[in-house]
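Asker: Sequence:
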Amino acid sequence: MAQKILLIYNPKAGKGLFVSKLAEVIDMFVKSGYRVEVHPTQAPGDAVERAREVPGYIDMVVAAGGDGTLDEVVTGIVKSGRDVPIGYIPVGSTNDYAASLSMSTSILEAVGDIIGGEPQAVDMGDFNGDTFVYVAAFGAFTDVSYDTNQDMKNLFGHLAYIFEGARRLADIKSYHLRIDVEGNLREGDYIYGMVTNSVSVGGIKGMTGTDVYLDDGIFETILIHTPTNPLEFNEIITALLSGKLDSTEMIEFYHTDHIKIQADEPVKWTLDGEYGGSPRNVEIRNRKQCIRMILYGDKSDVLHGWRNIPGAHGEEEIKEDKFEVAQSIRLISEEFGRMLDGDV
Numbered sequence: 001m002a003q004k005i006l007l008i009y010n011p012k013a014g015k016g017l018f019v020s021k022l023a024e025v026i027d028m029f030v031k032s033g034y035r036v037e038v039h040p041t042q043a044p045g046d047a048v049e050r051a052r053e054v055p056g057y058i059d060m061v062v063a064a065g066g067d068g069t070l071d072e073v074v075t076g077i078v079k080s081g082r083d084v085p086i087g088y089i090p091v092g093s094t095n096d097y098a099a100s101l102s103m104s105t106s107i108l109e110a111v112g113d114i115i116g117g118e119p120q121a122v123d124m125g126d127f128n129g130d131t132f133v134y135v136a137a138f139g140a141f142t143d144v145s146y147d148t149n150q151d152m153k154n155l156f157g158h159l160a161y162i163f164e165g166a167r168r169l170a171d172i173k174s175y176h177l178r179i180d181v182e183g184n185l186r187e188g189d190y191i192y193g194m195v196t197n198s199v200s201v202g203g204i205k206g207m208t209g210t211d212v213y214l215d216d217g218i219f220e221t222i223l224i225h226t227p228t229n230p231l232e233f234n235e236i237i238t239a240l241l242s243g244k245l246d247s248t249e250m251i252e253f254y255h256t257d258h259i260k261i262q263a264d265e266p267v268k269w270t271l272d273g274e275y276g277g278s279p280r281n282v283e284i285r286n287r288k289q290c291i292r293m294i295l296y297g298d299k300s301d302v303l304h305g306w307r308n309i310p311g312a313h314g315e316e317e318i319k320e321d322k323f324e325v326a327q328s329i330r331l332i333s334e335e336f337g338r339m340l341d342g343d344v
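Per this note's numbering, the sequence shown runs over residues 1 to 344.
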């Protein structure tokens, strides 16, 4: 009997490219012996509900879109209580999770990988009871992704985030936080924090080092203290670009499966690039191997330590990504200077 796929896709993601390939995608699945049901998302949260109500006869759910679409599908599957494997066709502007798993950004190649792939158990995150796929973050520029217009993302790609980030530079906020990492208590002022299970964050690979495993039940966590002068700010940037996070006391870095954060005021969080609420108290847990993703061939090896995979996110690729970050910072700084001069 033919296996049945529920294909949930975001028609606006990737400049609408997926829509133009939809007939070919369905044809590939059908020729490989699948029966396909198709659901285009209608609004934010729609993919959650569709995946949560996945019929019992569905053997696989395929998400096509950006990180936000994948987040919604995973959230829905977790809420459904069903152990349904998930295939992913990355069509967004950044596609961090796909980069972590060395997934092809070619739509038809990604479909081929799903057809020839096998389900592999991967970790997910729990954020005050909500599910996230690869990152929960707060602070500087984290609201840029969900406040940037979808049409701008389609037109300018990463530049859309840079343009929006430039507008926000003057509004960077400091938060006084009490942090508990497995009984290790900290208190201080912070401008940024992220709890992640990904090689790539914000389109940049290697920021959390090379000991990144996506199925080990452990998060990589970065917390950045509020700089009080330009020297401290430069220390932060240098440490992030070099990957030497222990080179400055301005950055705290942890490998952990559980973290609690308390704030004196509501703090805006993003989950996989989408708005995740503004709680004062946050508890984040790693849900080890709670979802099965369809991975093809040696791409599944990335789960067990991407640094050991020849050609997978090598040093040259990481250097190129960090060079792009440096350029982005320069562009934002120049834009901020023009703002101060009243030229924009």
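Be careful, since some hints might not be right.
Computed list of lysine-lysine pairs in DSSO-like fashion (alpha-carbon distance at most 27 Å, straight line) [what the hints assert, rightly or not]:
(1) K173 - K288
(2) K268 - K288
(3) K31 - K79
(4) K31 - K268
(5) K288 - K260
(6) K21 - K4
(7) K79 - K4
(8) K260 - K244
(9) K31 - K4
(10) K12 - K244
(11) K79 - K173
(12) K31 - K21
(13) K12 - K173
(14) K244 - K79
(15) K268 - K173
Have a look at the derived ranges for each label pair, beta carbon to beta carbon [to be verified]:
(16) E232 - Q262: 39 to 45 Å
(17) E232 - H255: 21 to 27 Å
(18) D59 - K288: 21 to 27 Å
(19) I172 - T210: 52 to 58 Å
(20) E249 - A43: 17 to 23 Å
Think of the hints as simulated: they come from the structure by calculation, not from any bench.
All residues carry an ideal CB built from backbone N, CA and C; glycine is no exception.
Asker: Given the hinted pair K260 and K244, is their alpha-carbon gap at most 27 Å?
Answerer: Cα-Cα ~25 Å, so holds.
Asker: Per the hint of 52 to 58 Å, is the separation of the Cβ atoms of I172 and T210 within bounds?
Answerer: violated, 29 Å
Asker: Could you tell me whether the CB distance from E232 to Q262 stays inside 39 to 45 Å?
Answerer: violated, 24 Å
Asker: Going straight from one Cα to the other, do K21 and K4 come out at no more than 27 Å?
Answerer: holds, 20 Å
Asker: Are the Cα positions of K31 and K79 separated by 27 Å at most?
Answerer: violated, 31 Å
Asker: Is the Cα-Cα distance between K173 and K288 27 Å or less?
Answerer: Not satisfied, since the Cα-Cα distance of roughly 33 Å exceeds 27 Å.
Asker: What's the verdict on K268 and K173, does the C-alpha distance respect the 27 Å limit or exceed it?
Answerer: Between K268 and K173 the Cα gap is close to 11 Å, so the pair holds against 27 Å.
Asker: Would you mind confirming whether the straight-line C-alpha gap from K268 to K288 stays at or under 27 Å?
Answerer: Distance ~26 Å between K268 and K288 Cα, so the pair holds.
Asker: Tell me if the straight-line CA distance from K31 to K4 falls inside 27 Å.
Answerer: holds, 13 Å
Asker: Check the hint pairing K31 with K21 against an upper bound of 27 Å on the C-alpha distance.
Answerer: Within the cut-off at roughly 16 Å; holds.
Asker: Just to be careful, I want the Cα atoms of K31 and K268 compared with a cutoff of 27 Å; is the pair within it?
Answerer: violated, 46 Å
Asker: Taking only the CA atoms, is the gap from K79 to K173 under or equal to 27 Å?
Answerer: Since the Cα atoms of K79 and K173 sit roughly 34 Å apart, the hinted pair is violated (cutoff 27 Å).
The structure does not agree with the numbered hints 1, 3, 4, 10, 11, 13, 14, 16, 19, 20 stated previously, though it agrees with the rest.
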